[in-house]
Structure formats: structure tokens, C-alpha cells
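Participant: Now for the letters of each chain:
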Amino acid sequence: MIYRTLYGAPSQRFGSHFSDLEGMRRQMEHLFESFGDRPLGRIGAGVFPAVNITEDADAYYVSAELPGVKSADLDLNVTANQLTVAGERTISEEAADARYHRREREAGRFSRAVALPGDIDPEQVKARLVDGVLSVTIAKAEKAKPRQITIQ
Amino acid sequence: MSDSKELKIREKQALAAPAEQTKPGPVFAPSVDIFETEKAITLLVDMPGVKVDDLDVDLRDDTLTLTGDVHREMATPGEKVYVEYETGRYYRQFSLSEVVAQEKIDAKFGDGVLRLTLPKVEKATPRRIAVQAG
Numbered sequence: 001m002i003y004r005t006l007y008g009a010p011s012q013r014f015g016s017h018f019s020d021l022e023g024m025r026r027q028m029e030h031l032f033e034s035f036g037d038r039p040l041g042r043i044g045a046g047v048f049p050a051v052n053i054t055e056d057a058d059a060y061y062v063s064a065e066l067p068g069v070k071s072a073d074l075d076l077n078v079t080a081n082q083l084t085v086a087g088e089r090t091i092s093e094e095a096a097d098a099r100y101h102r103r104e105r106e107a108g109r110f111s112r113a114v115a116l117p118g119d120i121d122p123e124q125v126k127a128r129l130v131d132g133v134l135s136v137t138i139a140k141a142e143k144a145k146p147r148q149i150t151i152q
Numbered sequence: 001m002s003d004s005k006e007l008k009i010r011e012k013q014a015l016a017a018p019a020e021q022t023k024p025g026p027v028f029a030p031s032v033d034i035f036e037t038e039k040a041i042t043l044l045v046d047m048p049g050v051k052v053d054d055l056d057v058d059l060r061d062d063t064l065t066l067t068g069d070v071h072r073e074m075a076t077p078g079e080k081v082y083v084e085y086e087t088g089r090y091y092r093q094f095s096l097s098e099v100v101a102q103e104k105i106d107a108k109f110g111d112g113v114l115r116l117t118l119p120k121v122e123k124a125t126p127r128r129i130a131v132q133a134g
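In order, the protein sequences belong to chains A and B. Using this note's numbering, read the first sequence as starting at 1 and increasing by one per residue. Using this note's numbering, read the second sequence as starting at 1 and increasing by one per residue.
No lab work stands behind these hints: they were computed from the structure. Since this is a predicted model, take the numbers as computed values, not measurements. Using N, Cα and C, we set each Cβ at its ideal position, and we do this for glycine too.
Listed below are the simulated DSS-like cross-link pairs for lysine-lysine, each with C-alpha atoms no more than 27 Å apart in a straight line: (1) A:Lys70 / B:Lys5; (2) A:Lys70 / B:Lys51; (3) B:Lys80 / A:Lys143; (4) B:Lys8 / A:Lys70; (5) A:Lys70 / B:Lys12.
Anything over 12 Å on all C-beta distances counts as not near chain B; from chain A, calculated: (6) Leu76; (7) Ala80; (8) Asp119; (9) Ile149.
Could you put together the complete structure from these sequences and hints?
Facilitator: Laid out in C-alpha cells, this is it:
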């Protein structure tokens, strides 16, 4: 299983700095295997919103839970290897005589940069916001796609 | 926009399962706002990833139960690379202290937020009783 974990530093590119940590990572992975796919410890980067990233041969899939955020209030940007999700969550004002018993939902701005594990094709990015969940499909750059090699 | 505050990340509140689950998986307590006006009690509940059909609102003996399952469609394809949040069932229960007009309950769901309006039973209008000297 390929399971890269960023330990709270998603802004760092995977690459040369990571390669020497490879062995250590493998050991850690082994240690954490018993936890399955649960998020490790505290929430990754500590920046709203929390994101999940999956990949297949052609694309990366980034998802985030953004209940109550309208697509008009969301701003998505991609560069060669980074996705930025910024926006604002507003909570409508209620009647003046409303007395609150509980107030757990929060409003405010957010901005999050997510480093993707490999190069992407910025021209082929699709995003949808359905039922409060943002799903972004980002095609991998041609050179980053795995290639089958025939053995002669 | 500059005066609004920065949103902080919050870990989802995992719940010990209310009863033994038939479906495996984590259970979370959704964040709620509850406010009351003269006429009604309103609940706003964050349930991202739930489809209207998988949402269940149940009021029985003054106990309001909210349940929602995250739709399969919300799962992204492929292998996990990086995981910061989990999805599962949302479950939360409240006991209501006010009498609610059951037939007038209104529930709306959009953008992953449930808005539930529970109108209070109208109190009998106070009647002035004239006391006659006898």
C-alpha cells in the first residue's frame, strides 16, 4: 500500500528531502499499520478545511467538508503542484429575538494550500460542491503518470 | 471580508456508538446551532456528505434524534494518499423541554446543512376572569 503521510507539513514537496526519510517512513508506516486508515494524531496541517487526498493512475482526488459554503463563496486555484482552497463561510443572521442555546457552528474565512504529491495538469481540473463536500479531480501531468514497461 | 475571523480546524467529535451498530464505521456528533424565538425552536445541523434520502429526523416522546449517513458517492476513487478526516454516520439526540407542534415541523436540507424548525404549541391566550363581588 502506498500511504504517504505528511506529518503536518503538506506544503513541503515530496521529493529529494523526502527520499532520505523513506526508510524511516516505512518503519513508521509499519508501526501505524495497526491503526488502519485513521488520521494520525492531531489533524494534519491544522488549517481549515481538513482535506483527504486519494490517487489513481490518472488523477489526484482532493475532498474537503465545507457544510454551508456556497460555490460562489469558494475560490480554487491550481499551480503546477499545489491546490489552494480559499473562501468564506457565512452563517445567516437570525431573527433579532433569537436566543441561542447552542452555538457550535462557526463562520469565517479560510484559505488552505495543499501540496500534491506529484506534478499535475493545471488545464484539467474539475471541481464540484455537492451537499457540503468539495471534490476536486486533478489530472496528473503526462510525465507523472505511471507507464507500463514491456520487458523484451 | 477583512473583519471576519479565520476559521479554525476542528476535529470531528467521534461518539461512542449509541447502540451496537449493524454497520461498522465511526459515528460523529454533528455541530449544531440551536436558537429559540417566541414561536419556535430552530436547529441548524452540519452534516456534510449526507443526501436528503439518508437523513432521518425522529421525534418521539420529547426526544429528537438526528441521524445521517454519508453517501457512498462522496468517497473519492483510488488509493488514499493523505487522510485528515474520516466520514461515517452522524448521530445526535436532544431532549426537548418545550411542547412542539409536531404537525408543523419543518425540515430543510441544503449544502450539507439541515435546518429544522420546531414550532412551539401555541399557548392558550390568557383570559381575563372577572370576579364579581357577591
